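Asks: Listed below, chain by chain, are the residues.
Number of protein chains: 2
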Amino acid sequence: MSSFAPSTLNPRIKNVQYAVRGELAIKSEKYRDMLKNSDHGLPFDKVITANIGNPQQKGLDQPPLTFGRQVASLLEYPPLMESGKNIFPSDAIARAKELYTEIGSIGAYTHSQGVPFIRKNVAKFIEQRDGYPSDPNHIFLTAGASAGVNLLINFLISDDKSGILIPIPQYPLYTATLAQYGGIPLPYYLEETERGWGTSTEEVERAVKKAIDEGVKPKALAIINPGNPVGSVLTYEEQASLVKLCEKYDIVLLADEVYQSNIHTDDAKFTSFKKVVCDLQSNVALISFHSISKGVTGECGRRGGYFECVNVPDETVALLYKMVSVGLCPAVGGQIGVDCMVRPPVEGEESYGLWKKETDTIHKALAERTLFMAQRLNSLPGMSCAPSPGALYLFPRLHLPEKALAAAKEAGRTPDNFYAIALLDQTGICVVSGDGFGQKDGQAHFRLTCLCAGVEAYVDKLEKFHREFMKKYE
Amino acid sequence: MSSFAPSTLNPRIKNVQYAVRGELAIKSEKYRDMLKNSDHGLPFDKVITANIGNPQQKGLDQPPLTFGRQVASLLEYPPLMESGKNIFPSDAIARAKELYTEIGSIGAYTHSQGVPFIRKNVAKFIEQRDGYPSDPNHIFLTAGASAGVNLLINFLISDDKSGILIPIPQYPLYTATLAQYGGIPLPYYLEETERGWGTSTEEVERAVKKAIDEGVKPKALAIINPGNPVGSVLTYEEQASLVKLCEKYDIVLLADEVYQSNIHTDDAKFTSFKKVVCDLQSNVALISFHSISKGVTGECGRRGGYFECVNVPDETVALLYKMVSVGLCPAVGGQIGVDCMVRPPVEGEESYGLWKKETDTIHKALAERTLFMAQRLNSLPGMSCAPSPGALYLFPRLHLPEKALAAAKEAGRTPDNFYAIALLDQTGICVVSGDGFGQKDGQAHFRLTCLCAGVEAYVDKLEKFHREFMKKYE
Chain A
1 MSSFAPSTLN PRIKNVQYAV RGELAIKSEK YRDMLKNSDH GLPFDKVITA NIGNPQQKGL
61 DQPPLTFGRQ VASLLEYPPL MESGKNIFPS DAIARAKELY TEIGSIGAYT HSQGVPFIRK
121 NVAKFIEQRD GYPSDPNHIF LTAGASAGVN LLINFLISDD KSGILIPIPQ YPLYTATLAQ
181 YGGIPLPYYL EETERGWGTS TEEVERAVKK AIDEGVKPKA LAIINPGNPV GSVLTYEEQA
241 SLVKLCEKYD IVLLADEVYQ SNIHTDDAKF TSFKKVVCDL QSNVALISFH SISKGVTGEC
301 GRRGGYFECV NVPDETVALL YKMVSVGLCP AVGGQIGVDC MVRPPVEGEE SYGLWKKETD
361 TIHKALAERT LFMAQRLNSL PGMSCAPSPG ALYLFPRLHL PEKALAAAKE AGRTPDNFYA
421 IALLDQTGIC VVSGDGFGQK DGQAHFRLTC LCAGVEAYVD KLEKFHREFM KKYE
Chain V
1 MSSFAPSTLN PRIKNVQYAV RGELAIKSEK YRDMLKNSDH GLPFDKVITA NIGNPQQKGL
61 DQPPLTFGRQ VASLLEYPPL MESGKNIFPS DAIARAKELY TEIGSIGAYT HSQGVPFIRK
121 NVAKFIEQRD GYPSDPNHIF LTAGASAGVN LLINFLISDD KSGILIPIPQ YPLYTATLAQ
181 YGGIPLPYYL EETERGWGTS TEEVERAVKK AIDEGVKPKA LAIINPGNPV GSVLTYEEQA
241 SLVKLCEKYD IVLLADEVYQ SNIHTDDAKF TSFKKVVCDL QSNVALISFH SISKGVTGEC
301 GRRGGYFECV NVPDETVALL YKMVSVGLCP AVGGQIGVDC MVRPPVEGEE SYGLWKKETD
361 TIHKALAERT LFMAQRLNSL PGMSCAPSPG ALYLFPRLHL PEKALAAAKE AGRTPDNFYA
421 IALLDQTGIC VVSGDGFGQK DGQAHFRLTC LCAGVEAYVD KLEKFHREFM KKYE
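If you read the protein sequences in the order shown, they are chains A and V.
Every letter in the first sequence is one number past the one before it in our numbering, and letter 361, counting from 1, is 361.
Every letter in the second sequence is one number past the one before it in our numbering, and letter 450, counting from 1, is 450.
Bound conformation, chain A alone (with noise of 0.2 Å):
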């Protein structure tokens, strides 16, 4: 077998790593089958999943928004928008006879940039939103907004000295697709403080600076707004300062909006940067990346989301097209998916009263919870959780005894990934450790969703484990 063994393979894919998936999840994953027997001899008798942004994952508690569902349903089988006209609402059929027409079978390929209509319905949305004209053809439908993302490394990384400014803590698959294409990632830290996680332009200038010196360029920077894992929300200001860097130093901006929905307070303001790069007249670069797995949506399964090009190049969308036309196109599923987070019903339409209720229900149901566990987890001796008003995460700081640290060192991990590993042993919890996504020297953190049912019992649990931790290592 030494034809195909790792000594063999592209040395950079050894180099990429995603925690969200890594250890604890595999781990997880082994418990989850144990439990199944009836004598597992673990200490708890479910997993709980903490550890990624999967809203209708079995034991969470996300529905499906039910009109996209229909729609969707009604796509797959066609003789449903007759024989289901007692099951289904007339705006569902009326949705599906639209989409029909224009795409006809999903099972067939659609243009590789996404289904024409489904990209001008992209567009208003867009247009909606910001008050800013959008060109469908510098629209992308992609499977999810890591497609997108993957692509746009891709793109970017043109020589052994190209770099990306990524935000510090960061979605590891920044960290992960830099090291795939052999990138350098550029890291600007994110300020944690008692009012939140902030971002400042002098801080990212600064990572800049220090590229430009190193004699890496700085090709692209990377946002995540609302934030992952930190849940921040930038103001108007800090985008616009922002945008102004990039066009200082001739920077593509990335921005990673894939939360815009998902803001729990009312002092945070979603606004996108189109909009600012627009309002700015400004000529930066930008790409701006959207999803159907976030927000009140949710649906992760179907791998459906979009970018939008501003201020790119005809040519250069050209070469973005010719490369996704090598994969042939997005799954049409998650096509349909778009078009119903950028269409939902309306007011005075069949559907309206329920989508309401539904989407209500979510945006209420994580907000609280957001609060409230945030609340529980800041009274914890040894932990202090910054407030998340936007996107589905708390990222709790550890503040550990020495004695947790050599038991750490001791066990060739660090504090944080210890911690972690000792919370899903012995609790069933799965987070995921702060080393996962980046972190000042000497810190610890952890990431843990905003999704799961039964929040109170789950806290209590989390609660019990850290305390016998703190104790334990006192």
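Hints may contain errors.
Identical copies carry no separate label here, and so any pair may be met within one copy or between two of them.
Here are the simulated DSS-like pairs of lysine-lysine, each with C-alpha atoms no more than 30 Å apart in a straight line [to be verified]:
(1) LYS124 / LYS30
(2) LYS14 / LYS161
(3) LYS472 / LYS58
(4) LYS464 / LYS124
Quick caveat, the hints were computed from the structure, so don't treat them as lab data.
Keep in mind the model is a prediction, meaning the values are calculated, not measured.
Take the given structure of chain A and dock chain V to it, following the hints.
Replies: Below, chain V alone, put in the same frame as chain A:
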């Protein structure tokens, strides 16, 4: 807009070529748009899409298989499992319920390798096909076969002296992906005779030795069986000989077997490379790709497929898992499509009769059309068309007059591209010219699919064009 101009991009991107969705396809889309206006001024009234194996495309006549669509429809909207009892057959409801129990909501991310239950079903399908065990943990569900090929080529290209043996003519996914990852395509030439296209081990070994002489490491041998674009089907002896060659030179075997169920003649028989490797008790590392986009399923838009790893070390499988985990999971709709492909209704089940009728009809239509078209094209002056016992295409050779070659040169095009552009401009028939697949120097071919309905009228049109073209340049 300077910051994102083509000159600043990864230079490998510019080398990527994918003719199947290239200039001809883009032009055909423009014609399709123009035809929506009554005063379009074009010399034809419809575009005939013969450039891509997309069976369910508008205007072609391959319908989806009912059973798979019913299952998918039920999983999109689970309340139908009750409310649709009078609409859906009981076995489709039972299958949907079984999958729902295993998967939960299809809106959730699954295991990154694909739903474990579906992988077990794939393993059983492989075991039944080949008579050898298959390990679900060494199976990866993918977004069509293309995503799997991309992943493997990314793995195999370890430096700028890594090459992959590819057939010429080839499906351009291979050269496109090699260009993306900076690998070296090592062409071996298929032999065109009146009896069909052949693959000779001697020719592959010539290419291996040439590479080694030039300091290039042949990392893998890509074989497309049944062939694309040439429609050949390897004999068992040819396959055994190729496996031994891989053994001799320690080469990974990439077996693209997506057309395994598209066999049109009684003489031709598909044998999987998995079976050959097992029969020979060979230790060759084999990756075998399959897809729901072709065969009788034809569900391109779902983006479903899988690959099986045979004789691949566990450590390498773990690295493959790590890489796919960054993309989270293949679309669940595609995974369900794979389940229905490997577990079709069986005799005695309610849906079996319809499934049998649908698949028989598709097999028969493809076989008849392929034979009919090859005969008609073969009778033309300046064209010869080898038989195509497998896959979905014909790859006729053009023997063009000197004046046509001169006109092509004048136009700055290869002869076959010049021909294909003229064909599209004058008849609306979109094919792909041979230069998109590669061919021996000085030759000219084109690929056309055998999927188009109304094949007589279509071939009449093609014939008329061809005779006029030949006459014009005689």
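Asks: Treating 30 Å as the Cα threshold, decide for LYS14 and LYS161: within, between, both or neither.
Replies: Both. Shortest intra-copy (20 Å) and inter-copy (19 Å) distances satisfy the 30 Å Cα cut-off.
Asks: Check LYS464 against LYS124 for me: Cα-Cα at most 30 Å, and say if that holds within a copy, between copies, both or neither.
Replies: neither (50 Å within a copy, 45 Å between copies)
Asks: Please work out whether the CA atoms of LYS124 and LYS30 approach to 30 Å or closer within one copy, between two copies, in both situations, or in neither?
Replies: between (45 Å within a copy, 23 Å between copies)
Asks: Please work out whether the CA atoms of LYS472 and LYS58 approach to 30 Å or closer within one copy, between two copies, in both situations, or in neither?
Replies: For LYS472 and LYS58, neither the intra-copy (33 Å) nor the inter-copy (67 Å) Cα distance is at most 30 Å.
This entry does not satisfy hints 3 and 4, going by the numbered hints stated previously.
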